[in-house]
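2 protein chains.
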Amino acid sequence: MSGTYTLKKTLGRARRGEYQTVHGTIQTPVFMNVGTVAAIKGAVSTDDLRAIGTQVELSNTYHLHVRPGDDLIARMGGLHRFMNWDRPILTDSGGFQVFSLSSLRSIKEEGVSFRSHIDGRKIFMGPEESMRIQSNLASTIAMAFDECPSSVADYEYVRRSVDRTYRWLVRCRDEMALLNSREETINKDQCLFGINQGAIYDDLRIEHAKRIRELDLDGYAIGGLAVGETHEQMYHILDVTVPHLPQDKPIYLMGVGTPANILEGVERGVDFFDCVYPSRNARHGHVYTNSGKLNMFNACHAEDDRPIEEGCDCPACRSYSRSYIHHLFKAKEMLGMRLCVLHNLRFYNRLMEEIRDALDDGTFESYKRQKLEGMENKT
Amino acid sequence: MSGTYTLKKTLGRARRGEYQTVHGTIQTPVFMNVGTVAAIKGAVSTDDLRAIGTQVELSNTYHLHVRPGDDLIARMGGLHRFMNWDRPILTDSGGFQVFSLSSLRSIKEEGVSFRSHIDGRKIFMGPEESMRIQSNLASTIAMAFDECPSSVADYEYVRRSVDRTYRWLVRCRDEMALLNSREETINKDQCLFGINQGAIYDDLRIEHAKRIRELDLDGYAIGGLAVGETHEQMYHILDVTVPHLPQDKPIYLMGVGTPANILEGVERGVDFFDCVYPSRNARHGHVYTNSGKLNMFNACHAEDDRPIEEGCDCPACRSYSRSYIHHLFKAKEMLGMRLCVLHNLRFYNRLMEEIRDALDDGTFESYKRQKLEGMENKT
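Just so you know, the protein sequences line up as chains A and B, in that order. Going by the working numbering, the residue at position 177 of the first sequence is 177; the numbering climbs one at a time, nothing skipped. Going by the working numbering, the residue at position 152 of the second sequence is 152; the numbering climbs one at a time, nothing skipped.
Calculated directly from the structure, the hints in this document are not laboratory data. Among these hints, one or two may not hold up.
Keeping only pairs whose Cα atoms sit at most 20 Å apart, straight-line, the calculated EDC-like set for lysine to aspartate or glutamate is [as the list claims (entries may be wrong)]:
#1 B:332 x A:119
#2 A:332 x B:119
#3 B:330 x A:163
#4 B:108 x B:128
#5 A:330 x B:309
#6 B:330 x A:119
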C-alpha cells in the first residue's frame, strides 16, 4: 500500500479525516513538527515528541543530502531508524531550500545546479535526484521537486515556472514508481505528494491544480504561500484552489503557519500543516497561550509562580513556573529553550486535537471563533 | 532531624553507608550531579535526572545569589520547588566561586568583598551571609563558608587561612542553628557540612581536621583538592586526613573527579563526590565508556551503528547510534549535547551503583582493579 485517505466528516469545506500509511495512521487535520536535520531544534528527543502527541515529524531533504548524506542514512537503515522515530515522517523535496539557501544556482529543464551552504560544494538536483534522495531517506511521504517562485514574481515567469513544475512532477512520479519497485528500497510504500504552484494568480493555480490532479498522486500540497503575500491573499488562493484538488486525497498547506492561519486553513479544507514558528519562537522565549503570546525574557515573569499556561499538560507546564523558565533564559541555560519548544509544539499539537474534536462534534465554527477571539490582538 | 549517617559496611577504609535527610535517604558512596544555576547544563530536566538515577543535585550558592537571587528563590518556596526536584540538594558555600570567579576581592575577618561576574555589582559575603543565602535556597545540605587557598600557597599563608576558616566555621554553625530555629525558615532541618582545608600540608590538614570534628557537624568535606596538585598528592592528603574526621559522619571530597579519582577516594573512605567533568566533557562530545573515552566529533563514528556503549541503559544508548550522535554534533544540534550529558551522568551514577554493590558483596578490591584496567591508558 501507499497512503490511503479516509474522509470521516465534513463541515462546509473543513475535513476530518485519517491518512493510513505504512508507519501508522495520521489523524487529520494534523500539524507536523519540523526537525530540519533529523532532530527537533532545542534538544528535543523523539521520546519528548511522543510525550507531546506528535503524529508526523518533518525533515529536510536538502539539509540531509548535504549533511550527513542520504546515502549514509540509507546505509544506517533509513531516517526512521537513524533518528529513532517509528511514526510517519514527511520529507520535503529540497526545492524550497535550493532556491532559498544555496548560492549560484542555475535552473534548467533538467534541474538546478547550486552550491552547498555548508561547504560550497557544487550540487545538481532535479526531480530524479530528489526522489532518489528521499527514497534513501525512506520517509513515509516524499514531496515532489518543484520550483517555488516568489509570490511577487511576474505572471509570465510564474506561468513558465508552473509548466516546468508540472513536467518535473511527471518525472517525480515515474522515478518514485521505479524506486518503489526495486528490491533494495527501504520503504517500498513511500507516498508521493504533488505540489500546486502559481503564486497569487488564480488562473495559474486553478489550471495547475487541474493538471496535477490527473496524475492520481498520494496527496497534494499547496506550495509557494506564506512567502510574502498577505494573509487575505493566502486565504483567497485556498478558496479558489482547494476545490480543484481531489477530495479523496489529503491536502497539505506547506510552511503555514500561525494558529489563526491554521484555523482558516482547516476551514478551507486543508489536512496537513507544518511551520517552524512554534519551535523558532520558543527558542527566542516566545510562547503561545490561549490568551496570546508571552515573552519569557520579560521581567514581569521573574516572580510569577504560575506555569506558562494553567491547565496545559506539556512537560514545561506540568513541572515548572514562569519564574524558573525566565531564570533559565536569563542564565542562558539550554533547558529554557527546550521547555519552551516542548510547550509550543504541545500547544500546536493540542490545537489540532481540539480542531479534530470540534469537527467530530460539529462545533468547529464556534470553536474557531472563540479561539481567535481569545488570541485577538495578542498573537 | 538533620542528617543521620548509618555505616552499613566497611572494607578497609572504604565505607558503604546511608545518609538519611528530610528529602530522602542517600545511598553512599554517591556522586552528586552538578546543576550550577539550578539546572543541569545541556537542557537536562529533573525528569531526565530521575531517569538516570540521580540521588543528589548540587547547586551553587554564589551563582544563585547573583542571579536570580536567593531571596527570590525563597519567595518561590525554595530551590526544590523552584527547580522541581524533591530529592536531596547540596549547595556549596559560594566560597570557591568568590575566590575563583569574582574580581577585586578583599578578604577580611568578617568575610569577602567582591564584584559580581554578571554585572560588576559589589557584594559582601561572610559566614553569616552564606548561611542566610543557603537557608533561603533551603537546600538539604549547606556547606560552610571557607577560604580555598591555592594548593601551591606557601605554608604560612595556608596556616593563617585555615585558622580563619575554623573561626568562620564556628560562625557558620551558630548562624545555621539560629536560622533553623526560626519560624519562617523553609527547611528547618538543613544540614551543615564543615570543610577541611590545609592545601598539601599534612600537619595543617590533620590539625584542622581535629579541630573541626569537635564541632559535631552533620558531615565533613575535604576541600582545596583537585586544584593543581598531583593525583598522588591528593590521595596522600586523603590517606592522612580521613582518619582524623569523625567516622559516624559522611565525608565529602569536593570537586573530584575522574572515575579513577572516585575509585581511589572510595578506597580511602570518601562517601560524597561531585564534579563538572562528566557534563562538561559531554558538551564537548567526549563520552565515557568502560573501555575509555570517545570523542563523538571523530569521523570514525560517522557510520557506526552501535550505541556509545553496548548494554548501557541511558536514554542515549537505549535509542540512538554513535552515527546519529556524531551527526548531531556536526550539525550543531543541541540534542547531541543533551544525549551525551545524559550518557556521562548515567555512567557516573552507575559507577557509584557498581561501587556500592561491590562494597555490599565484599568484592570492591577486584572490582576497582578491573574497572581501572578497562579504562587504562584511555581516560
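- Task: Go through the numbered hints given earlier and state which of them the structure violates, listing their numbers in rising order.
- Result: Violated hints (numbers, rising): 3, 5; every other hint is consistent with the structure.
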